[in-house]
Structures are given as C-alpha cells and as structure tokens.
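2 protein chains.
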Amino acid sequence: MNEINASIITIGDELLIGQTIDTNSAFIGQELNKIGIWVKRRVAVGDVYDDIWKALDEERKYSRLIIITGGLGPTADDITKPLLCDYFKTKLVRNEAVLAHLHNLYVNVYKRKAYLSEQNIKQADLPESCTILHNAHGSASGMWFESQNQDREKVIFLSMPGVPYEMKKIFTEEALPKIIGTFGGYVVAHKVLSTFGMGESLVAEKIADIEQALPPHIRLAYLPGYGQVKLRLTGKGMDKELLEKEMAGPYEQICTALKEISIADNDDTLEIIIGKLLQKQQKTLATAESCTGGYIAHLVTSVPKSSSHFNGAAVTYNNNIKEKILGVNHETLQTEGAVSESTAKQMVAGALKQFDADYAVATTGIMGPPSDNDEKPVGTVWIAAGNKNKTVTKLLNLGYDRDRNIQSTAQQALNLLRKFIIDCGEDSK
Amino acid sequence: MNEINASIITIGDELLIGQTIDTNSAFIGQELNKIGIWVKRRVAVGDVYDDIWKALDEERKYSRLIIITGGLGPTADDITKPLLCDYFKTKLVRNEAVLAHLHNLYVNVYKRKAYLSEQNIKQADLPESCTILHNAHGSASGMWFESQNQDREKVIFLSMPGVPYEMKKIFTEEALPKIIGTFGGYVVAHKVLSTFGMGESLVAEKIADIEQALPPHIRLAYLPGYGQVKLRLTGKGMDKELLEKEMAGPYEQICTALKEISIADNDDTLEIIIGKLLQKQQKTLATAESCTGGYIAHLVTSVPKSSSHFNGAAVTYNNNIKEKILGVNHETLQTEGAVSESTAKQMVAGALKQFDADYAVATTGIMGPPSDNDEKPVGTVWIAAGNKNKTVTKLLNLGYDRDRNIQSTAQQALNLLRKFIIDCGEDSK
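From first to last, the protein sequence lines stand for chains A and B.
The first sequence runs 1 to 429 under this note's numbering.
The second sequence runs 1 to 429 under this note's numbering.
Hints were generated in silico from the structure; no laboratory data involved.
Note that the structure is a prediction, hence the values are computed from the model and not measured.
Careful: at least some of the hints might be erroneous.
All copies of an identical chain are treated as equivalent in the list; a pair is satisfied when it fits inside any one copy or across any two copies.
[Said to hold, decoys possible] With a Cα cut of at most 20 Å, we get these calculated PhoX-like pairs of lysine-lysine: (1) Lys81 to Lys388; (2) Lys122 to Lys206; (3) Lys305 to Lys376; (4) Lys89 to Lys154; (5) Lys154 to Lys419; (6) Lys345 to Lys324; (7) Lys353 to Lys324; (8) Lys305 to Lys276; (9) Lys236 to Lys81; (10) Lys206 to Lys324; (11) Lys276 to Lys419; (12) Lys345 to Lys81; (13) Lys178 to Lys259; (14) Lys61 to Lys240.
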C-alpha cells in the first residue's frame, strides 16, 4: 500500500512558552486522517532560524507532506518567509494579485486605514518558486513548495499562517484539493462509539478480547473526556467496501459489549445528542444553573439552530436570586441549604415555569477552591432533570479543581438530562 | 551562561489524529519558562515503538531535559513502559508502595471494585533503574531516568501520564523540585502588558522602534487572542536585579506607546480584571445574554470567589422570555427587533432589577450560520453595559463563524463593561 506520512511543524515561541495552545495541529490531523494520510510526527519549534531549518531537514526524512503553520505574521519575530526563500533557493517577488487583496482587506473590509503601511505591503512579497494559496480571511498567503526526498520521491512543503480561522480556510479550500491530487490512493474508514460513565481502563477490560483479535490494518483508539470515553476504529485499505465489511464485525461486537454505557454511534457531543432528541420530540429546554454558572447553557447554545429547542437559562449565583427568579423556597434554603436535593428539584420546577420549557436541568454545588464559608465539602454537587410530571436527581462527589468540577458537573447533568428525555419519549409512545 | 534546553515528547495516536488537543505541552512550557528553562522543541509521535525510540534518540541531541507525556494508560495501545525498559536497559519490577497506592485508589477512593484486576496490578510494575514519582491523582506513576548525552553531560528523561490533572500534580510537586535541584542557575524575568481593541500588526507598528532597540537577551513576543494582544518581554541573565533594571526601560516605553489600549500590566483576563474592579468598588454584576448563551456568565464564574461579586444571569434565547424575565418591551421587539440597541438597553435594565445588581451587561445578536429566519445580517450584534444611572452600547459587525462570534462578542462586552466600571468608579470619587 502506497502509504503517505505527514509531519506538522508549528512555529512560534508562544507555543513553547505555553502561552498558546496548539489547536491547529489537531484540526490538520483530523482533516488529513479523513483522506487517509497519517500524521506521523508533530514538531513545534521557536522563532529561531536554525531550529526551523533543522526541523524542515529532519521531517523530510520521515514524511512526504510537511505542513508548516505560524511564523508568517507581520511582526518582527516572524522569520519564516525569508527562511523558506533560502531553503528552496528562491527569492521574494511582489505579487500584484495579493497586493490588491491586501488593499481590499485593510481599506475596504477592515476599514481601518486609508492606505497600506510598509509592513502590510511586505505581505505581498512571496517566494518566486512557490504556488500561492489565497488567504480569504487574512493577509498572510499560504505557500506550496514541491521538492524531493533522499529517494527522489516528491515531497510537498505547505506553509500557512497560524491564525486558526485563516489557516482552516486556506487548508480546506486551497490546500486539501491539491494534496488529494498529489497523493491519492488508498482509503480510510472510521467507526466511532461514544460511551459515558465508565473509566477508560474498565472499558478496555470489557473489550480486551475483541481488541486482541483485530487485524493489523484496523486500529482501536480510546479517547477519554470528562465522563466520556470515545472508541474509534480506524481501518486502512485499497477497497472501501471490503474495508467497511471487515470493520463491521468487530464494531458490532464492541457495541454489544458496551451497550449499557453507549450514548452515540458517532462523534456527537451530549449537547448535540440532546438537541437532536428535543428536535425529534418537538420539545424545549431551560437550564437553572448555580455552580455551573451558565456553562451548560453555553454548551447547548454552541450548537447551531439551538434557538429552536432552547428557551433560556437562569444562572442564580446567590440564595436571594434563587428565591426571586426560580421561586426556590426560603425555608428549604435555610434548613437544607442551597446545595441540597430539594433545592435542585425546586430549581428545575422554577426553570420549567419561568422559561415555559418542557424540560429543565439544574445544578447546585460547591466548586472550590475550598473557603471558610462552604456549607458542604468542596465537590458536593446536586444535579436534577425533570419535566412537569417528574424530576430525577443525582448527587456528585467531585474533587477540588474548579475548572474540572464545572466541566464534570455540566457533562453529568447533560447525561442525566439525556437519559430523562429518552425515558420520557418512550413513555409517551 | 549555563543554558539548559528542554524537549517535550507527547505520545499518543489521539494527538496525531487530532482527537485530543495538546494542553499538557502548554502547561509544561509555562512552568519550565518560570524557572528559566526554554523548551526548544515539542514533538508528538504515535503509539509506535520505533517512532518513540527515534524521538528519544533525537531529542537527547538537542536537550538535556526530555519530558515525555502519555502512553502510560492501562489500555493495550500503550507501549511506552516496556519501551523505556529497553531504552534504558532495565526491567520491570513490582513496586509494593505503588501497589498499596493502587489498592487504596481503586478500592477506597474510587469505590469501584473490591479488588485489583490484572491490568490494574500491572501499573505497579515499573522500571528498576528509574526514580518513581508518586501520582496522587491516578494509577500511572511518573518515572525519572538519568542518562548522558554525546558530550557526557547529564540528561534527564521524565515520563508522566497524559491525563492533565494527574500530570500537573506529578510535575509541580514531584518533578519540578528535582529539575531545579539538577539544573539550577540563571534567572528569567517577564513583564507582560495586555491590550485590547487593536490588531497585532498595528500594535507592532506602534512599538517597532522600541522592539528594534532591545538587546539580544531580552525578547518581545506578541500573543494575540480575541480582540486582545498580549505583549511579553522575556529576559535572561545571571543577576535578577540587574536584569529587571534592564527591562524596566523598554517596558515603560511600551506602556507609554500603548497607553490607550492597555488593560492590564499582567496576564489577567478581562473577567479577572472585572472581578478585581467589582471587589474594589464592593459592587455586584449580572448578565443578560441572548446570543452569547451564558458564555459571559461562564467566564465570570470561572474565577474563584466570583460568588461575592456575581449575582446571576438570564439567558433569554427567545422573545417571549426576553419580555417575561427581563421585562423587554413587546413594542420594542416588534418594531425594532430583538437585535437592536433598545433591546440591549432594556436587557441591561431588566438584569439590574431582577438580579438586584449594581452593574449589568447584555448581548443580543445573530451568531450564524446564516438561516432564512434571520432578522438582520449574520454577525450583527448589539452589546450594552450599564448601572441604574446610565447605559452605554456598541454595535458589532462580526463574521459567519458561530464559535468565533460567541467568543468575540463576549470579549467585546466584557471590555465595554470594564471601561464602564472604571468610569463609574472615577465619577464617584
């Protein structure tokens, strides 16, 4: 099989200092994977001429597609473009089409200035030997260089700016078609199963035999998240139909073994799954959030068109507001406290009423870090989901890390809600 | 100067497929930077024996501290531990202290099972020649190996699990003190200036002369975010006092040149800055969010102790709810629409009243992707901030990307609020 490897080189001191988290590599990895190209290595280097040069030299030994992001901004610490000229023995030439694009961008679109500065104009100077890839969203063009490796095979170097939304547009619209044209060939197939509520090692024990029996061209990956473990079967072959047939058996076995904890036969997040369930039932949702502070509403509204099934949220961060907005009983707050099963239930009832919603989910808990005023131990959280007929609740005992507790509570609450919505849908049949 | 470089090797197919975003490297980079160790290279490789081996061989040429994360989980795709035994010519030996820790973890803490499985027990088998670093939060121990490079200098290999909160605990509590003990020496100093509202290239133009004049041991980095650009001066030297004196001049010049757009002389996010302002004024905040869907409330409540200055939020995702919860005028919604200056102002007023807050911020807009029902062009957003005496507003024209629009709107709204709170504080003096 004509196997093509890729390397991703990300350039920038900010990546090494740790001020920027590298999301570009993940995006590129996903997109290449879909067209059957494995990313073999990812390397990050600083804005240092020699380090970048060495990385280019090294990665061309491993891979025939080398994707470089970053180092193309207009600021003085960016040295990638002159370096690429030296590396490919070419020189910078002003490109009039890019210059016109820059003029349009800065003067007409951004409306920030009446004319281009010297620094802006320099972005139209590009290496003569490369193919220029249009950057619709920004000023730094993509660059496509063709070269060879030690075996005289074609090697592609693709350089793109590091700003994620500029890079994504260049990569998907300009570069991907050229990559497919250059290295076509074998096919890759994926099957995903998303599970919730069991740790990675227990999941692995349950399907150890199935994994052991996989042929070498089909791989299983475990992708853990907050409360979730995604299982991803990836196969490579020459014949798509045959490959899918080979994968169907093990995939069915995995689904059967993990039936009780599976939440989707695809990559859908809980908020997407819930959105689909609500659409199907033509029902609406509201959230009543104390300790999650609006994070569940944020997740639900991150899904396009969520306005058709989401009515709103009340974030009630102190007791008075819980009483006033959600009608939680003063007595309950005094005797059982804000972090109690009764409060969580009453928050659900209040949200259903105030937001005219069919379903509601509520959270109330102590997120940490620990303080003297905590009414219960840090990590104590009550979650609840309900409709006008019924409310279910769950007590969580989490750790001390605020961010992690917010994430975990949101995921647990969404899963409680998911199960509740499914049960209600089945009851009404 | 005794300069120590580090390399970070992250192991895992999930990183190369792009299913997991690598946040560990950013964390490690930040922590090392604080103690004066530069991360020279970061490399990610898959769960492939040869690729990991080659990465170890290669990075020991560049760096004297090699930090490996991932590949230690209990699932079958993890091959790092046997590989490390081969690489350092040692063998696995069962460690009784680790076994006791595992027993406590699974049986007493997780309460998931009555006894350890074979897979669990294997995690107590560790290379004989390494120093074991205790993993308080999990089952895979950290491993510290001492070796040498081609120049017979000491090289440290540190292997840790990839689960972020386990890794962070091992790294900060177990590994960092050993790293400082092994490579001490020179000092590093940072000065940060956070700015808001001007693009990276314009910022760079404004301070080009200052940057040009920096000595080689002081570097300037631009760290752009949504609406923000952070400027970070980093200096290295042997004498902390002298270094700070050398950096003070250029830092002051940068502060003066960017006076109008600076928001903090440190790394503080807008939500932290606002929290501090509110604490100082002893005032409270509420949010009224339509298009940001609770994301501003989430940011504000991500800050520990925010309950002392944040009362709550109303996420009003349809017109009825805007009327009912926030008292937005039916007439206004009919004639001017939900996405209008008047609606944004009334949302502020409603939030102030309903949540008994001193300040409120509101957002209403079309986030995309485009649909047939849009009342205004996608990207049209009104934001408002106010108190009982006054409300300020701003119209944003954003793009088509939903995630980006939510992020940008939240940041712009927080900055509008920040300026408003500062102005109010000065008026009351």
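inquiry  = Please list, smallest to largest, the hint numbers that this structure does not respect.
reply    = As far as the earlier hints go, 1, 5, 9, 10, 12, 13, 14 are violated by this structure, in ascending order.
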